[in-house]
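Enquirer: Here's the letter readout for the chains.
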Amino acid sequence: MIRVSNVSHSIGAAPILHDISVEIPKGGITALIGPNGAGKSTLLSLIARLSSLKTGKIEVDGLQIGQVSDRELARHLAIMAQSTHVSARLRVEELVGFGRYPWHRGRPGPEDHAIVESAIARFGLGAMRHRFLDEISGGQRQRAFVAMAFAQDTDYLLLDEPLNNLDIAGARSLMRLLRQMADEDGKTIVIVLHDINYAARFADRIIALHEGRVAAMGAPHEIVTQDLLTNVFGTDAEISHQDGRPVVLV
Amino acid sequence: MQALAVLGPLAILSLFIGAVPVSLGDFLHDPDSQRLLLISRLPRTFAAMLAGAALAVSGQIMQILARNRFVEPMTAGAGQSAALGVLIAAMLFPATAIWAKMSIAALTTLVGSAGLLLILRPLPPTQPLLVPLVALIYGGLIGAVVTFIAYQGDMLQFIGVWLTGELSGVLAGRYELLWIAGAAAAATWLIADRLTVLALGTDAARGLGLNVQAITAAGLAALSVTTAMVVVTLGAIPFVGLIVPNIIARRMGDNLRRAIPVSAFTGAALVLAADILGRVLRAPYEIPVATLVGVVGAGVFLYLLYNEPRHG
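Here the protein sequences line up with chains Z and A, keeping their order.
In our numbering, each residue carries its 1-based index in the first sequence increased by 959.
In our numbering, each residue carries its 1-based index in the second sequence increased by 3.
Hints listed in this document are in silico derivations from the structure and should not be mistaken for laboratory results.
All C-beta atoms in this analysis are idealised placements derived from N, C-alpha and C, irrespective of residue type, glycine included.
There's no promise every hint is true.
Said to hold, decoys possible - Pulled a few chain Z residues facing chain A out of the computed Cβ check, cut under 10 Å: (1) GLY996; (2) ARG1034; (3) ILE1038; (4) LEU1054; (5) PHE1057; (6) ALA1108.
With the hints as extra help, turn the sequences into a complete structure.
Expert: So this is what it looks like as structure tokens:
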């Protein structure tokens, strides 16, 4: 469980988050949504200790962020940051292999190799494992990064807008892979999404942020409503329903 | 291993080429030739290889720390800071031992390189060409300070002679500091995996539990020591740290555990080849290795700049 208590945050003089308290239970996919500037990515980076926490308290499985070492946390929580533009020219299999770094710290053993192999197979990267990251498509690259996070073998996986720059096929296949990781491997996935429809379709829970506050929280069918679109997103798009899940008609 | 295959013959060739002609037979029978070998040719060959290897590796590390492929210590302030250290030592403490001068140079290099990282940090990653531009200006500024102080102290000639990297003055007993540079470069191989993780970006590296500050500090220390030792013993040799890591990255990627040794051998081969060429081109006079590497390196640099693969 991720427990966020009374977290406020500002960047420079600009307040970003106001007294946020949420609990994200173990298991399933939790989507953070909200308009631009709502504080989604900030909240995620605070949970992942990439920004330093100033006010409030965050616990991941009882480990207190700010107290626990980076090294220890890396075995519980993996983060896929927003920009996966990497200047390092690595082969796909090398990148996935570095997901094991928190466990072997430079000396991979047979178990590490086995996990990397299974990650490569699972994410369909076998055919491109020897290619460099700058030689494959954006969708394949995102998949390689998720495979790396998978190889890190943590209970918690945080992703910041992983669908950026992906076409619809890439976005759907990535979300399906995440769904599979939640359902079959029992991972707890927290994901910042721009598109409400992807959140409504694939997430178990949605936390909607608005101007640094939690505007709504719950299952997709409970919170993706006309009110949410009007009050939080400031738009009057209509909502339809498909198999019990809401769909925003854009 | 191609680099090794080139380096071996070059090293042997280097022993036979110079103002005094010698043959294999002379080395075996003639005591004068043997002295020449031990006092001049062998040290010179070692010096070229050590400097080349150290510069290539320090370039690779600076490119990771600056998150940009187009910077290298000699032009980005580290080389100039080392020169500043040499100058300060020569003016303020002319009588001190060489190791003290060397320590001063290493220290100023460390400060200069750390300063570079600080001013590069706010630059937007979306504008990759800003980094080499700012680095060049930064290096130019420190270089201007060096020139000004040297001018005031009537040491322009001294600094000019000293700072043009060349190996004609290398003799046994006067190049051994370069072994420290070589050792510092070799030591980076021990943290190669960590440096590669750092190259994934600060956030990704922290996410993998890397101690980013410690590895950054270790990288800075390694590149400062190598750069300072090369400047103190041979002078500035530009472009080696730029073109070698770039060529290696193109060919085999940035997995440093594999790339650092290849970079080191390639850098060694490049500087040794340039030195041999410099001895031959207008024999019995010599062309400084920095001049030759500079001419060739500038061309290769432009080529790399215009042919950088452009992917998202």
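Enquirer: Hints the structure violates: just list their numbers, smallest first.
Expert: Those not satisfied come down to hint 1.
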